[in-house]
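Peer 1: Sequence:
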Amino acid sequence: ASGMRQALSNPYALTVVKGCNPEMPIEVDGYAAAEEAARNADVVVMAIGEPAGFSGESQSRTQIVVPPAQQFLVDTVAKAGKPMVILLKTGRALALTGSVLAAQAILVTWSLGSQTGTAVADVLFGDYNPSARLPVSFPQDAGQQPLFYNRPPTGRLDPPGQSRDFKARWREVSSYALFPFGYGLSYTTFEYSRPKLSNEAVCWEVGRTNVSATVRNTGKVAGEEVVQFYVRDRVASRVRPMRELKGFRKVLLQPGESTDVTFTIAKADLSFHGVDAKPVVEPGTFDVWVSPSSAAGEMASFELFPPGAKPK
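Numbering of the sequence shown is given in UniProt numbering, commencing with residue 1 and proceeding in unit increments.
For the record, the hints were derived by calculation from the structure and aren't laboratory data. For each residue, glycine too, the CB sits at the ideal point set by N, CA and C. Any given hint could turn out to be false.
Unchecked claim - Computed spacing ranges between beta-carbons, pair by pair:
#1 S301 <-> N10: 32 to 40 Å
#2 L252 <-> A309: 36 to 44 Å
#3 S301 <-> P83: 17 to 25 Å
#4 G30 <-> G81: 41 to 49 Å
#5 R194 <-> P25: 18 to 26 Å
#6 R39 <-> D127: 26 to 34 Å
#7 G91 <-> T262: 29 to 37 Å
#8 N10 <-> T109: 22 to 30 Å
#9 V16 <-> R234: 28 to 36 Å
#10 V16 <-> R194: 44 to 52 Å
#11 G98 <-> Y12: 37 to 45 Å
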């Protein structure tokens, strides 16, 4: 709270109300006091989540959700009807529900250090435009775990917009992540063009091509975008990932500014370990994405021809 208080100036004031221990509810009147404080505020900032001790050896949880006592506190405070910002401290991906998920903003802080207050204040008050991206996928429900960005959660995936008959799926939620690997927001927005390949037919001897996309800042403030590059091997002697992150690049763009971001695809980027545990590259068709996350972006494709074969 000290970092936020230092960042505020008159006539704004910060009112701090006691929260609750992750494993122990506060007194009944404590919930009422928190709700009353929210009704008297313009914006509510809720600092919740797991302490650092919840992560590590012998700290597994059967339900990877916001601790119930804190969830109840957030749901109670949300009755005030004021805009809410969630500061989520956690060492793992949590399934977010109720008023936590319905908040106007969620800032995942992970487990920060002694300058947590200052860093959070810089982001909340717009002195710093966040650009970080999730290194894990956040599930819709704890029952979805393990949830990987690079492989399907079932052998009969339930594609959006298609018939759900005879598909392996959850009854309560879709098969997809709440927030996928690589996802993140900032105070501006970005637009991506369809990726373009310098060569869609690649001979084995050359063994490389370039993929590029134009990224444009469509918002009103400058911002950094983490441009991500994914590859998929359509058919191989072993099952290959749905998408595989092969690189990323952070670009700073002013409002309305655009830039071309290019990645080089070499044969080494297409390799995987064979049955003898040695790297192997197989010819075939490969799909590529230049996108803002593992679940977004348009696709382009190229073909790698076998040794001695010439592209038509």
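Peer 1: Just to be sure I understand the hint, the distance between the Cβ atoms of R39 and D127 should be within 26 to 34 Å; is that true here?
Peer 2: With Cβ atoms ~28 Å apart, the hint holds.
Peer 1: Indicate whether the distance between the beta carbons of V16 and R234 respects the range 28 to 36 Å.
Peer 2: violated (55 Å)
Peer 1: Can the suggested window of 22 to 30 Å be confirmed for the beta-carbon pair N10 and T109?
Peer 2: holds (27 Å)
Peer 1: Looking only at beta-carbon atoms, does the pair S301, P83 fall within the given range of 17 to 25 Å?
Peer 2: Violated, at about 44 Å.
Peer 1: Evaluate the given range 41 to 49 Å for the C-beta pair formed by G30 and G81.
Peer 2: Cβ of G30 to Cβ of G81: about 20 Å, so the range 41 to 49 Å is violated.
Peer 1: May I ask you to test the hint 37 to 45 Å on the CB atoms belonging to G98 and Y12?
Peer 2: violated (28 Å)
Peer 1: Note whether the CB distance of R194 and P25 lies within 18 to 26 Å or breaks it.
Peer 2: Distance hint for R194, P25 is violated at roughly 52 Å.
Peer 1: Using the beta carbons of G91 and T262, state whether their distance is inside 29 to 37 Å or not.
Peer 2: holds (36 Å)
Peer 1: Tell me if the beta carbons of L252 and A309 are separated by a distance inside 36 to 44 Å.
Peer 2: holds (42 Å)
Peer 1: Confirm or reject the claim that V16 and R194 have a C-beta distance inside 44 to 52 Å.
Peer 2: About 49 Å separates the Cβ atoms of V16 and R194, which means 44 to 52 Å holds.
Peer 1: Starting from the hint 32 to 40 Å, judge whether the C-beta atoms of S301 and N10 obey it.
Peer 2: Roughly 59 Å apart at Cβ, these two residues miss the hinted range, so it is violated.
In this structure, the earlier hints numbered 1, 3, 4, 5, 9, 11 are contradicted, and the remaining ones agree with it.
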